[in-house]
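Going down the list, the protein sequences come from chains A and B.
All residue numbers for the first sequence refer to our numbering, where the first residue is 1 and numbers rise by one.
All residue numbers for the second sequence refer to our numbering, where the first residue is 1 and numbers rise by one.
Worth double-checking, as some hints may not be accurate.
Claimed, not checked - Not everything, but these chain B residues come out facing chain A in the computed CB check (under 8 Å):
#1 A2
#2 V4
#3 V54
#4 N61
#5 C62
#6 A67
#7 R71
#8 A74
#9 V75
#10 A103
#11 E104
#12 H107
Bear in mind the hints are in silico, worked out from the structure with no lab data behind them.
We put the CB at the ideal spot given by N, CA and C, even for glycine.
Residues per chain, in single letters:
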Amino acid sequence: MAKVLMKGNEAIGAAAIKAGCKYFFGYPITPQNELPEFMSRELPKVDGCFVQAESEVAAINMVYGAAGAGVRVMTSSSSPGIALKQEGISYIAGAELPCVIVNIVRGGPGLGGIQPAQSDYYQATRGGGNGDYRHVVYAPATIQETVDLVMESFDVADQYRIPVMVIGDGMIGQMMEPVEFNEPKRRELPSKEWATDGTKGEREPNIINSLFIDPEELEVHVNERLEKKHAIITEKEVRFESYNVEDADVVCVAYGTTSRIVKNAIAKCEEEGLKVGLIRPITLWPFPDKAFEAITDKTKGILTVEMSTGQMIDDVKIAMNGRKPVYFHGRTGGMIPNPDDIVAEIKKIVGGEK
Amino acid sequence: MALVFDRTKGLTDKIFHYCPGCTHGIIHRLVGEVLEELDVLGDTIGVAPVGCSVFAYDYFNCDMHEAAHGRAPAVATGIKRVRPDNVVFTYQGDGDLASIGTAEIVHAAHRGEKITTIFVNNAIYGMTGGQMAPTTLIGQKATTSPYGRTKEHSGMPLKVSEMLSTIDGAVFVERVSVHNAANIRKAKKAIKKAFEVQLKGEGFGIVEVLSTCPTNWGMTPVEGLKWLEENMLPYYPLGNFRTPQEVE
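Bound conformation, chain A alone (with noise of 0.2 Å):
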């Protein structure tokens, strides 16, 4: 197929629709909102729904109620409104229903503002929702690999019966970019017999339900099926990108589109003759721990750079077990990192000044 220019919230769209996603539920929300708008428009041509929402929090539910009727089906917000959303992503993934949500990250905290930032890591790996819960984390870098992971989400989602986030700062949703579209590997998907699509009176009545009174129960529910679930999810879905990190002099940590402009300041190092590396999580979580086994003694120190004040630095310093030093470097508020700046830090490390 062809590639077709396309703006990253309407990729993202289109990309759910080719996976058969047919509903959508969202509320308006900076800098989101042309992806809302494209389902409202396209959805109807392929006999779907598309429903505004009164709130985040409706719209997190009806994508609960949906999920749980068989369906695939999408919600997308930016920060403040994922946040809102946290209640309903806690209880999907309590009642194990597979959905995909898109953040389109803004700077915060609060009100914050409307450029691109990366500030909501602990957010969307940690979760605001409550409990012992997780979900899948997409960090796509380019509107390619955004459109590729978004289809493939729903395949994981309802591998797994979990919500799967793709995250990506507000440049993923803006930016436009040559993209086609490409058919995920082919998983084996489990059938849907546990959604409430009404009984005929062929079977028991099914339950979607995440209340275990029982804290015996409960346990189980926790330990036996999320916590199985979340094993096997790291062991087999961790995903990232590794460039030269083998016996680099420093390596450096970033996702998103942050990763790119890293990509540059690569770049200007090896012209100088210096040797560094770069790890680009595509899964935020599971976080991929195994990429940083490739370090050798020969590296001097790890840089994380994001744009947010350090986050996922928290998990670069888990990975990296205190093996080696690792240093932040960061913009925030809607502010990008400057390759040179970025230059700069990779030699005070190599330069012992750090």
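Since the structure of chain A is already known, use the hints to place chain B on it.
Showing chain B alone in chain A's frame:
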């Protein structure tokens, strides 16, 4: 011997957890009987609330979905939009619907969602131990209004049926009570109409059912029924607020 009464197929065999004298059991039965009589049990998806009827998903003999506190109308919206040919209802109390879930119920009505809501109003938070609700009457004592509710501090009790009947999409709105046999019969009629409205695709329907909470009101079951009649009926008048012509 002739069988004069049998348990409805609309309910499972699970034993209710409700307190003695609580009228949730009656209301559950009425909903179950209506679903059975309309022959839609196999097509129905119910949405359970948070509150005393949180375990409703174990009691209704149809597919069920447990919602977060107040969110049942949003969950029901998601289900009905996906499965427009199925019957979808929510069963909610007054803390759930009239307090934390006001946005969800108002906008489900506003969109004219083709769902049915059974709204059980007992003027108090039961499950959490008797706190004041938006529906608690003036002067009524609750654990968070220990000196009795006052208008100055908490406003006047919220009249949900009156409020929702101002919304175009709410095509069937009726308030009923289950404090005696005659009213229980009327309540069942209203519940049946509300589901018929959904089956005809007319729009949103709600039946507000005045109910008792002897435990948290600090009364015997009989005293509770009398208190409902003497105190709730004057403030929450029974009757139909809206009916589409076709089901009149």
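- Task: Output the numbers, in ascending order, of every earlier hint that fails for this structure.
- Result: 1, 2
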